[in-house]
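Visitor: So the protein lines, in turn, are chains A and B.
Going by full-length UniProt numbering, the first residue of the first sequence is number 1, and it counts up by one from there.
Going by full-length UniProt numbering, the first residue of the second sequence is number 1, and it counts up by one from there.
Be a bit skeptical, because a hint or two may be false.
As the list claims (entries may be wrong) - What follows is a list of derived Cβ distance ranges for each label pair:
#, chain 1, residue 1, chain 2, residue 2, range
1, A, Y264, B, G368, 43 to 53 Å
2, A, E61, B, L358, 20 to 30 Å
3, B, M31, A, K90, 22 to 32 Å
4, A, K422, B, L240, 52 to 62 Å
5, B, L240, A, H414, 37 to 47 Å
6, B, L55, A, E229, 50 to 60 Å
Quick caveat, the hints were computed from the structure, so don't treat them as lab data.
From the three backbone atoms N, C-alpha and C, an ideal C-beta is built for every residue, glycine too.
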Amino acid sequence: MKHIAIIGNGIAGITAARHIRKLSNYKITIISAESKYFFSRTALMYVYMGHMKFEHTQPYENWFWEKNNIALKEGFVTKVDTDKNTLVFKDGSTLSYDNLIIASGSKPNKFGWPGQDLKGVQGLYSKQDLELLEVNAPNNKACKKAIIVGGGLIGIELAEMLRTREIPVTFLVRDKDFWGSVLPSGDANLISKHIKTHHIDLRLETELKEIIGDENGRVKSVITSKGEEIECNLVGLTAGVSPAVAFLKNSSIETGKGVKVNKYLETNIPNVYAIGDCAQQLEPTGLRNPVEAVWYTGRMMGEVVAQTICGNKTAYNPGVWFNSAKFFDIEYQTYGWVWAKPKDYEAHFSWEVPNGEKRITLAYHKNTNAILGVNTFGIRLNHKTFDSWISEEKNIDYVIEHLEKANFDPEFYHSHFSAIKKAFKEQLKTDKNCI
Amino acid sequence: MNTTVQRNMSLAGEPPVALNFLQKLAVIVGMFGLGVLLLAIFNVNFPNKTLWLTLSLSSLIFGVLLFSYGAYNNKHAGIKNDAVWFKSISSRGFLAWLLGIALTGFYIVLYFYPQYLGLRTEGSNVGLIGLFDPLSTLLSGNPASQWFVYGTLYTVAILAFGIKFLWKYRHNRYEVLRTISVMFFQLSFAFIIPELMARLNNSEAYNIPYYDLKNIWPLSYYNFDQYRVDGFISSGDIGLALLIFGIVSILIITPILTYFYGKRWYCSWVCGCGGLAETSGDSFRHLSDKSLKAWKIERWLVHSVLVFSVLMTVAVVHSYLNYDASKYWLNKDAFLISVAVFLGVLFAVIWYFKRDELQKDAQYGAIGYLGIILGLIAIHYFSGSNIFIFNPETLRKTYSFFIGSIFSGVIGTGFYPILGNRVWCRFGCPMAAILGLQQRLFSKFRITTNGGQCISCGNCSTYCEMGIDVRAYAQKGENIIRASCVGCGICSAVCPRGVLKLENESPKGRINSDAVLLGNDVDLLDLIKQNK
Numbered sequence: 001m002k003h004i005a006i007i008g009n010g011i012a013g014i015t016a017a018r019h020i021r022k023l024s025n026y027k028i029t030i031i032s033a034e035s036k037y038f039f040s041r042t043a044l045m046y047v048y049m050g051h052m053k054f055e056h057t058q059p060y061e062n063w064f065w066e067k068n069n070i071a072l073k074e075g076f077v078t079k080v081d082t083d084k085n086t087l088v089f090k091d092g093s094t095l096s097y098d099n100l101i102i103a104s105g106s107k108p109n110k111f112g113w114p115g116q117d118l119k120g121v122q123g124l125y126s127k128q129d130l131e132l133l134e135v136n137a138p139n140n141k142a143c144k145k146a147i148i149v150g151g152g153l154i155g156i157e158l159a160e161m162l163r164t165r166e167i168p169v170t171f172l173v174r175d176k177d178f179w180g181s182v183l184p185s186g187d188a189n190l191i192s193k194h195i196k197t198h199h200i201d202l203r204l205e206t207e208l209k210e211i212i213g214d215e216n217g218r219v220k221s222v223i224t225s226k227g228e229e230i231e232c233n234l235v236g237l238t239a240g241v242s243p244a245v246a247f248l249k250n251s252s253i254e255t256g257k258g259v260k261v262n263k264y265l266e267t268n269i270p271n272v273y274a275i276g277d278c279a280q281q282l283e284p285t286g287l288r289n290p291v292e293a294v295w296y297t298g299r300m301m302g303e304v305v306a307q308t309i310c311g312n313k314t315a316y317n318p319g320v321w322f323n324s325a326k327f328f329d330i331e332y333q334t335y336g337w338v339w340a341k342p343k344d345y346e347a348h349f350s351w352e353v354p355n356g357e358k359r360i361t362l363a364y365h366k367n368t369n370a371i372l373g374v375n376t377f378g379i380r381l382n383h384k385t386f387d388s389w390i391s392e393e394k395n396i397d398y399v400i401e402h403l404e405k406a407n408f409d410p411e412f413y414h415s416h417f418s419a420i421k422k423a424f425k426e427q428l429k430t431d432k433n434c435i
Numbered sequence: 001m002n003t004t005v006q007r008n009m010s011l012a013g014e015p016p017v018a019l020n021f022l023q024k025l026a027v028i029v030g031m032f033g034l035g036v037l038l039l040a041i042f043n044v045n046f047p048n049k050t051l052w053l054t055l056s057l058s059s060l061i062f063g064v065l066l067f068s069y070g071a072y073n074n075k076h077a078g079i080k081n082d083a084v085w086f087k088s089i090s091s092r093g094f095l096a097w098l099l100g101i102a103l104t105g106f107y108i109v110l111y112f113y114p115q116y117l118g119l120r121t122e123g124s125n126v127g128l129i130g131l132f133d134p135l136s137t138l139l140s141g142n143p144a145s146q147w148f149v150y151g152t153l154y155t156v157a158i159l160a161f162g163i164k165f166l167w168k169y170r171h172n173r174y175e176v177l178r179t180i181s182v183m184f185f186q187l188s189f190a191f192i193i194p195e196l197m198a199r200l201n202n203s204e205a206y207n208i209p210y211y212d213l214k215n216i217w218p219l220s221y222y223n224f225d226q227y228r229v230d231g232f233i234s235s236g237d238i239g240l241a242l243l244i245f246g247i248v249s250i251l252i253i254t255p256i257l258t259y260f261y262g263k264r265w266y267c268s269w270v271c272g273c274g275g276l277a278e279t280s281g282d283s284f285r286h287l288s289d290k291s292l293k294a295w296k297i298e299r300w301l302v303h304s305v306l307v308f309s310v311l312m313t314v315a316v317v318h319s320y321l322n323y324d325a326s327k328y329w330l331n332k333d334a335f336l337i338s339v340a341v342f343l344g345v346l347f348a349v350i351w352y353f354k355r356d357e358l359q360k361d362a363q364y365g366a367i368g369y370l371g372i373i374l375g376l377i378a379i380h381y382f383s384g385s386n387i388f389i390f391n392p393e394t395l396r397k398t399y400s401f402f403i404g405s406i407f408s409g410v411i412g413t414g415f416y417p418i419l420g421n422r423v424w425c426r427f428g429c430p431m432a433a434i435l436g437l438q439q440r441l442f443s444k445f446r447i448t449t450n451g452g453q454c455i456s457c458g459n460c461s462t463y464c465e466m467g468i469d470v471r472a473y474a475q476k477g478e479n480i481i482r483a484s485c486v487g488c489g490i491c492s493a494v495c496p497r498g499v500l501k502l503e504n505e506s507p508k509g510r511i512n513s514d515a516v517l518l519g520n521d522v523d524l525l526d527l528i529k530q531n532k
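Work the whole structure out from these sequences, hints included.
Guide: Have a look at this one:
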């Protein structure tokens, strides 16, 4: 019987395994060096914050794998021998496969900062990182000050985590506003303001220059691009992630930034596939990145590769872009594309609750008026509705008029849609006056 | 891995586990209120009962409010679950066990040894119950009983912790309105109205039993006991109206409201048990067991209790019918036949319309239970014996002891800090079983998932007080339609990605168990079907 080996038990690898099991009775082995059982990486923050215990991050009970005849192997793959279809593990043992799925995920970026390997300097990605954080920052006596480097989603999560233990946080962000490379300035500004209300020392347009250690090789302070030295006990490096593909360097599998794959998630070796964070699309879909390190893209690639492996060759063809996050208390959802620097054909309309922490930004085409995307903060919107509006290129007027159809806020919430409609009409008037 | 270990061995606690100054002060104030009650139990005779009772109850309320102020005042509106699994009280630690034992002990004394609380059948009450005499006299004109003491403390708990909950979830209007609703129904329907109604009984014409109008049979398993029915019937139009209301509640009002809103209209908006669980029990909601095994136990247990309660009630009603045939137009035979026909028709309707939605074990269970009930009724009917297989009084006493006292009180509430706040509602409440059956099969209510946004974090499952593995549905894009869901809305509140929404929409397409998550332009559903 065909043996499918999967390197990595994150959402991509696990989804592939589950769907292969649904479709076939192939032998399946999932390999992980991080944890025996699948857990939700996105939930690690809640373990540190005390909202959940680690076991709660595991979406399936432990009996699930044996019942579904999916073998779990703990081990670190050091070598992939594609000629012999064999994996070699750190402990010297081997495993042969018929099909190999690489779903090895990401690792935190380190950009060669001086002192980046000192004790007390860490990223936040893996279960081991979380355990390390408990050692480095168990409370505000052991960790009197933390510096976070990199204004992205992991950085703000780490800030929120540390604040629950009342650890003072200084947050170094390169852009003019938090996540300013992704969010239009008005949106980014709302989040920046919110971050400050949580007593974060937010340093915008400031980068890390150097990390200084003490005589024990522990971090003592950092020096910023503005020349300031800040004492600290923890440095969180959260300047993005990149594919964890170092173990493939000496194999014949082609890698660039990640493992290079075609539309069918096939690598240059016929029986080897790559999915999730570690895959690099040779022909990315639409405006998407070649490397997508998002929860749901991992899941979708897993679904697709399972089809291909089970005899129904299927291309990875993600639909309208979407994503979500939570910045402290502000929920964020996005559907379609709203660019931080609008494309030349792109117009934005924004509306914000006065003194509230709710905001919506809609992007539409200047000439055709077709809806391109939406960013929403503190207002929940329906994925299905926006997915169809965007793919059907609905007119912005239509979207604004029917916005309440896309409402996904809990019952009894104050509706802002009539205010949004009014504001949009007023903006149209002023636009016309300008012309 | 245990990430909750406090590595510095400090016992003082650290933020956010440690209490701040206001909270410490609040604990002292609350303890004073509790201390007065304790002293009363040990028969300290307070000179001015009205004053001391007022002092005690206000200290309790003020203590809870001050504690909440200390906890939430400096925090943003938003989810407040920091350190829930680090705190001893909310993570089955030492304090949780201490509280569990204290509560359990209180329930045992309350149910079985009220004399230790100072209840006296002759002469005036002493001790704790005596302390409540002035308040009881003020409301109903009668001296207090252990149930009055319990009812007062219960109401105080729902009000005080209700305000705490309102503060905690002030950003969420669904939670705010729902909590105001349970506070209102407890204070008025469960507490003040029945006490005032008791004043009617001062007149010879009235003999109305204590009636909490929102406490519907079979939750109030005793509602059709002989003494109550006699009381209703002998109390003129008001009494008769109350009796009819009791029957209409379960046969007409409940099905209509549950069809439109799901069982939440009752379980998390009106019910007293639910009210206590949602307010005082809120700090323990995450302790419910989410395993598949627990779900299996839940289904068998809660439906067995329902069958037990139906049998018991039929037997009890049957036992007192007929002894005065002229008084009740309904005689034993007519009653049994109508019950059998009703249950038979109900079963046939479910079977005809919804058979496909029942799991195999549910089908077996349904057939089995119907067989038992109809069999027993038939045996009686054809044998013509006076005894309903079991002695109805024994049945009633057994039910009252095991279900009414031990399950709902001692375990249901006493074990809040260990098993979670909805043990009774989930595993034992026959009313919840009926509503759940209907919610699953004939209702517009569902929890919708938002396309492909779920990140499987598990907050929803962790904070589901009913032990529903919400994430298991959300991460597949399925709607959540579970018999046990009480619609508290917390899963939707704690979701960091805005994935869950409680809704009453058209029943069509409500159950979408073959849903495929949105986002992939490949029609995965077709592919899966093709490949099967």
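Visitor: Next step is simple, just say for each hint if it's right about the structure.
Guide: Outcome of the hint check:
1. Between Y264 (chain A) and G368 (chain B), the C-beta spacing of about 52 Å keeps the proposed range 43 to 53 Å intact.
2. For E61 (chain A) and L358 (chain B), the hinted distance range of 20 to 30 Å is satisfied, since their beta carbons lie about 24 Å from each other.
3. Take M31 (chain B) and K90 (chain A): their Cβ atoms lie about 57 Å apart, and the range 22 to 32 Å is violated.
4. Restraint check, K422 (chain A) to L240 (chain B): a C-beta distance of roughly 56 Å satisfies the suggested window 52 to 62 Å.
5. Distance hint check for L240 (chain B) and H414 (chain A): the Cβ-Cβ separation is about 45 Å, which falls inside the suggested range of 37 to 47 Å.
6. Checking the proposed 50 to 60 Å range against L55 (chain B) and E229 (chain A) shows it holds: the Cβ atoms sit about 58 Å from each other.
Checked against the numbered hints above, the structure violates only hint 3.
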